[in-house]
Amino acid sequence: MNGVLKKKANLFVNIGILLELMYFAGLELNYAMPAILQTSGLVLILISCVYYAESKGYGKLTGFFLGFFGIIGWLFIYFLRDKTVESANAIASSH
259 MNGVLKKKAN LFVNIGILLE LMYFAGLELN YAMPAILQTS GLVLILISCV
309 YYAESKGYGK LTGFFLGFFG IIGWLFIYFL RDKTVESANA IASSH
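Going by this note's numbering, the residue at position 91 of the sequence shown is 349; the numbering climbs one at a time, nothing skipped.
Hints in this document: simulated from the structure, not taken from any laboratory.
Virtual Cβ for every residue (Gly too), placed ideally from N, Cα, C.
Just so you know, not all the hints are guaranteed correct.
[Unchecked claim] Cβ pair distances, simulated, as ranges:
#1 K341 - G284: 36 to 42 Å
#2 L263 - I329: 28 to 34 Å
#3 T297 - K341: 19 to 25 Å
#4 T297 - L263: 39 to 45 Å
#5 P292 - K318: 27 to 33 Å
#6 R339 - L269: 21 to 27 Å
[Said to hold, decoys possible] Straight-line alpha carbon distances no greater than 27 Å define the calculated BS3-like cross-link-like pairs of lysine-lysine that follow:
#7 K264 - K318
#8 K266 - K318
#9 K341 - K266
#10 K265 - K318
#11 K341 - K264
#12 K341 - K318
#13 K265 - K341
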């Protein structure tokens, strides 16, 4: 798994989860704040899903579409098998 992409994914998902929790806890300062919190949290989780899917050897579109499910999509990508480890093992066993 690509370490740089995984670090980016973890950063974005942590901030996204924090914003979503603030939205669900009702921590808004004015009338526009809930929409801003929810939208920005979803966008950050979506970006995180793209990075995480790419680091596991899947396409960016896979992460993009699963990112629309928010945390559920991120968890789905988390439990997908890692294609980069399998391809590295296949190359190592062929030599």
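Right, here's what the structure says about each hint:
1. K341 - G284: 36 to 42 Å: Given a distance of about 41 Å, which is inside 36 to 42 Å, the answer is holds.
2. L263 - I329: 28 to 34 Å: Violated: the Cβ-Cβ distance is about 19 Å, outside 28 to 34 Å.
3. T297 - K341: 19 to 25 Å: violated, 31 Å
4. T297 - L263: 39 to 45 Å: Check failed, 24 Å falls outside 39 to 45 Å.
5. P292 - K318: 27 to 33 Å: holds, 29 Å
6. R339 - L269: 21 to 27 Å: About 24 Å separates the Cβ atoms of R339 and L269, which means 21 to 27 Å holds.
7. K264 - K318: holds, 14 Å
8. K266 - K318: Holds: K266 and K318 sit about 14 Å apart, inside 27 Å.
9. K341 - K266: Given that 27 Å is the threshold and the Cα spacing comes to 19 Å, the pair holds.
10. K265 - K318: Holds: K265 and K318 sit about 16 Å apart, inside 27 Å.
11. K341 - K264: holds, 14 Å
12. K341 - K318: holds, 14 Å
13. K265 - K341: holds, 18 Å
Consistency with the previously given hints fails for numbers 2, 3, 4, ordered from lowest to highest.
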